[in-house]
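Participant: Could you put together the complete structure from these sequences and hints?
2 protein chains.
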Amino acid sequence: MDAAEFRAHGHRLIDWIIDYHQQVASLPVQAQVAPGETAAKLPEHPGAPDGFDALLVDLDRVVVPGLTNWQHPGFFAWFPANTGYPAILAELVSAGLGVQGMSWASSPAVTEVETRMMDWMAELLGLPDGFRSASASGGGVIQGSASEATLTSILAARYRATGGSVNADSDTTKLVAYATGQAHSSIEKGLRIAGIGTDHVRVVPHDANFAMRPDALAEAIAADRAAGLVPFWVCATVGTTNSLAVDPVRAVGEIARQEGLWLHVDAAMAGIATLCPELRWLNDGLELADSYGTNPHKWMGVTFDCNLFYTADRASLLGALSILPEYLRTAAAETGAVIDYRDWQVPLGRRFRALKLWFTLRTDGVGPAQAMIRDHLAWTSELAAWVAADERFEILAPHPLNLLCLALRAGDDATTALIERANATGTAMFTRTVLGDRVALRFSIGARSTTLDGVRSAWRLLQDLAN
Amino acid sequence: MDAAEFRAHGHRLIDWIIDYHQQVASLPVQAQVAPGETAAKLPEHPGAPDGFDALLVDLDRVVVPGLTNWQHPGFFAWFPANTGYPAILAELVSAGLGVQGMSWASSPAVTEVETRMMDWMAELLGLPDGFRSASASGGGVIQGSASEATLTSILAARYRATGGSVNADSDTTKLVAYATGQAHSSIEKGLRIAGIGTDHVRVVPHDANFAMRPDALAEAIAADRAAGLVPFWVCATVGTTNSLAVDPVRAVGEIARQEGLWLHVDAAMAGIATLCPELRWLNDGLELADSYGTNPHKWMGVTFDCNLFYTADRASLLGALSILPEYLRTAAAETGAVIDYRDWQVPLGRRFRALKLWFTLRTDGVGPAQAMIRDHLAWTSELAAWVAADERFEILAPHPLNLLCLALRAGDDATTALIERANATGTAMFTRTVLGDRVALRFSIGARSTTLDGVRSAWRLLQDLAN
Chain G
1 MDAAEFRAHG HRLIDWIIDY HQQVASLPVQ AQVAPGETAA KLPEHPGAPD GFDALLVDLD
61 RVVVPGLTNW QHPGFFAWFP ANTGYPAILA ELVSAGLGVQ GMSWASSPAV TEVETRMMDW
121 MAELLGLPDG FRSASASGGG VIQGSASEAT LTSILAARYR ATGGSVNADS DTTKLVAYAT
181 GQAHSSIEKG LRIAGIGTDH VRVVPHDANF AMRPDALAEA IAADRAAGLV PFWVCATVGT
241 TNSLAVDPVR AVGEIARQEG LWLHVDAAMA GIATLCPELR WLNDGLELAD SYGTNPHKWM
301 GVTFDCNLFY TADRASLLGA LSILPEYLRT AAAETGAVID YRDWQVPLGR RFRALKLWFT
361 LRTDGVGPAQ AMIRDHLAWT SELAAWVAAD ERFEILAPHP LNLLCLALRA GDDATTALIE
421 RANATGTAMF TRTVLGDRVA LRFSIGARST TLDGVRSAWR LLQDLAN
Chain P
1 MDAAEFRAHG HRLIDWIIDY HQQVASLPVQ AQVAPGETAA KLPEHPGAPD GFDALLVDLD
61 RVVVPGLTNW QHPGFFAWFP ANTGYPAILA ELVSAGLGVQ GMSWASSPAV TEVETRMMDW
121 MAELLGLPDG FRSASASGGG VIQGSASEAT LTSILAARYR ATGGSVNADS DTTKLVAYAT
181 GQAHSSIEKG LRIAGIGTDH VRVVPHDANF AMRPDALAEA IAADRAAGLV PFWVCATVGT
241 TNSLAVDPVR AVGEIARQEG LWLHVDAAMA GIATLCPELR WLNDGLELAD SYGTNPHKWM
301 GVTFDCNLFY TADRASLLGA LSILPEYLRT AAAETGAVID YRDWQVPLGR RFRALKLWFT
361 LRTDGVGPAQ AMIRDHLAWT SELAAWVAAD ERFEILAPHP LNLLCLALRA GDDATTALIE
421 RANATGTAMF TRTVLGDRVA LRFSIGARST TLDGVRSAWR LLQDLAN
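Chains as they are written, first to last, in the numbering used here: chain G, 1 to 467; chain P, 1 to 467.
Because the hints were derived from the structure by calculation, they are not lab data. Check each hint, because a few of them may be wrong.
Since copy identity is lost for identical chains, a pair holds within one copy or between any two.
[To be verified] Simulated crosslink set (SDA-like; lysine to any residue; CA at most 25 Å straight-line):
1) 174 with 216
2) 174 with 390
3) 41 with 65
4) 41 with 364
5) 174 with 163
6) 174 with 321
7) 174 with 60
8) 41 with 337
9) 41 with 135
Facilitator: Structural data, given as structure tokens:
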């Protein structure tokens, strides 16, 4: 493909993306394909190249029908993954430049724009000063996902708890970690990867609102200490995946400080809500956290992947993740004048992801995200009122933000069947979870394209199908 | 940003990328900025959005001067990270669609196109049948980087070696891993992350060509067994970062089979060379490997991030990385009819990266990559002849592919100074390493834009500066 072809094809694809977004509401939300159906439309073996026109035809013929459309206004499944126009353009530029941000020297602007964006976002979210790059011991980095942020925090905590000895002696057998059963699966996965098996992960009881009970945490820590174990890491979630429950970060943090545990706060979904000053209550206690993560790629429209990971203890992070072979040594890094973000993450290589934040903040700013978040909260309240007024349904959890967990009183099988029937219509999509001992339909209002009318239609669909 | 603005800005940025590539040769290869210089051009605090035109001005004013330009024809540093026009367009589409590939159900086409592309690439690279998706126990997945591929293989091996018990009991203290001192830093980092500290990582001696000595590996394994330890993982590198040395995969693999170790083959840089059938000797012994990784984002022009990770033992991989909470359960997955790639990698979320391979293979095919690889090998041979003819220089390692490690006979300080002086010119960029006890200038010929004239100019620059 030469430059002239790239120009022509690129312009067509820009237009194609607009068409996709303008037509997405007419597509099914959930892909209506059977396993293997998409693959069967692709040749089994790579043939000779057949050109861009053929490719574009297949993009519509093969790919689009196989998509579950996360940008659809009827997407109420999992959590949102909004992709905004400014961030799409930034991904284009990042790919076009093709530079590496593994170290400062590998392309200084990648690092310096990222550091600045992390500071801008800390300010816009009202995060503690201890996470800023100018702080004595903290700072921030873009991770690819909350999973990676969590793993990174576990590794830093593991390093600190063992005085660094784990880097040599492999001994993680005394370390114990804490979270509720409502914490995200990436918590257990990250712990497992770091060599902390399920025998050493305590499921801390939660209260009726699915929030961690600090008293239960304190008891569990005491029991483990009595057994000769080493409590080292606790995860508090601000907005669980199941129900957007908010753990009491301040109370958990006070225990963590007293007991010498690393406190990680996972606010992957809900943290971005603090772009709205009236929602800053979600940040209460964060100054007690050793690390924190939230995802602009969910509710802010900064195209996946973009997780903001902050720590107040970068020395432990660097201790856990720095490896310096000869071929990565640079004069700039040896003086300590620069940041080498490879030492803040699991992989070595890194894309220029900070452009996504920079493009979004320079063009749209935070206004559209704030307005969207406020709409989604208001609509969730309206929805809750409708649900409460229909006696076939019940609401299973508090709903302070944009997720309503509901169920049919007729029982779990009826709720599961309702989700499947609704998703099969292609006009809305919900996911299922289990809250306590009940199957729940998660009605997550987070897509940028969703409207109040769309929420009302989706609710009417559920009402109709419940008959 | 509305659709009309996105269209206008998108078209301009497509053109901007073409301009960047057409002008990159006139920019310095290595960014000529001081630490903090780029950040100082950005406001300390986020202000009100000032619009796309202002942003575009700053892209040229702030970002470009702060880039080390990996697409520059004079880029001979580290390894290449070529970004090709088809892959850039695929990144644009991936960002535009904004779909998630964490599970089959989350967007079936993301998974099925990826599986098909992994099979196509296995065929194009001449990899063993045991890595194909149709094989009894293997398969492939796109990882973000070789670092992540390596970590994934370590986790699968750790699971298999402990019969899965590590997932519960945290005990990694008897496991021992093996690699030469020439293996990439991500090996040690991945092992450390997985709870295998440096006390349990054996640096296997290499021969005069910097390739692993199988006899030394066998000895080290025997000594560890005698000490009651559990040898579990060995990494053979096909094309080390230092010198592109090739470990004897077949001999290492035979020992691994006999001793029950997991063999991971890290061919991050060199593996892609097997797109050329005459270079398939690099694949010798791969049928003995439990896992393998190579990076189309280096030498094939499939924009970072795109690592191909194959395993012959997907059961161990899934045992190591599967976590199934209620909110991720889907009917399609429970029947076993589909692949959920979240269980093949560390993070949960994943982008539609397979589009980059699909776009590249459908438009350019492998012809341009094959031609480039053959050119680079030929030019490396020519360069080696020039270097050999200049008695001030010497060649420090074999150079079967596209990397020449050279040094000044005047000594290490002179070689280090030569690299710094060359990079300061902005016309070429090299990186430094240590081979044996000698400082080496790595002359890596891998950028798509490099020409033979450019190689000759860079060599003349080194000759001039050596005076």
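Participant: Work down the list of hints and note, for each, if the structure agrees.
Facilitator: So, going through the hints one by one against the coordinates:
1. Only within a single protomer do residue 174 and residue 216 lie at most 25 Å apart by alpha-carbon distance; the minimum there is 20 Å, versus 34 Å between protomers.
2. In this assembly of identical chains, the alpha carbons of residue 174 and residue 390 never lie at most 25 Å apart, being 51 Å within a copy and 60 Å across copies at closest.
3. In this homomeric assembly, residue 41 and residue 65 come within 25 Å of each other (Cα to Cα) only inside a single copy, at 11 Å, whereas the closest approach across copies is 45 Å.
4. For the homomeric pair residue 41 and residue 364, the shortest alpha-carbon distance between copies (21 Å) is at most 25 Å, but the shortest distance inside one copy (39 Å) is not.
5. For the homomeric pair residue 174 and residue 163, the shortest alpha-carbon distances inside one copy (14 Å) and between copies (21 Å) are both at most 25 Å.
6. In this homomeric assembly, residue 174 and residue 321 come within 25 Å of each other (Cα to Cα) both inside a single copy, at 21 Å, and across copies, at 22 Å.
7. In this homomeric assembly, residue 174 and residue 60 never come within 25 Å of each other (Cα to Cα): the closest approach is 54 Å inside a single copy and 53 Å across copies.
8. Proximity of residue 41 and residue 337 under a CA criterion of 25 Å is satisfied inter-copy only: 17 Å between copies versus 53 Å inside one chain copy.
9. Taking CA atoms no more than 25 Å apart as the test, residue 41 paired with residue 135 passes between copies only; the shortest distance there is 20 Å, against 54 Å inside one copy.
Hints 2, 7, counting from the list given before, are not met by this structure.
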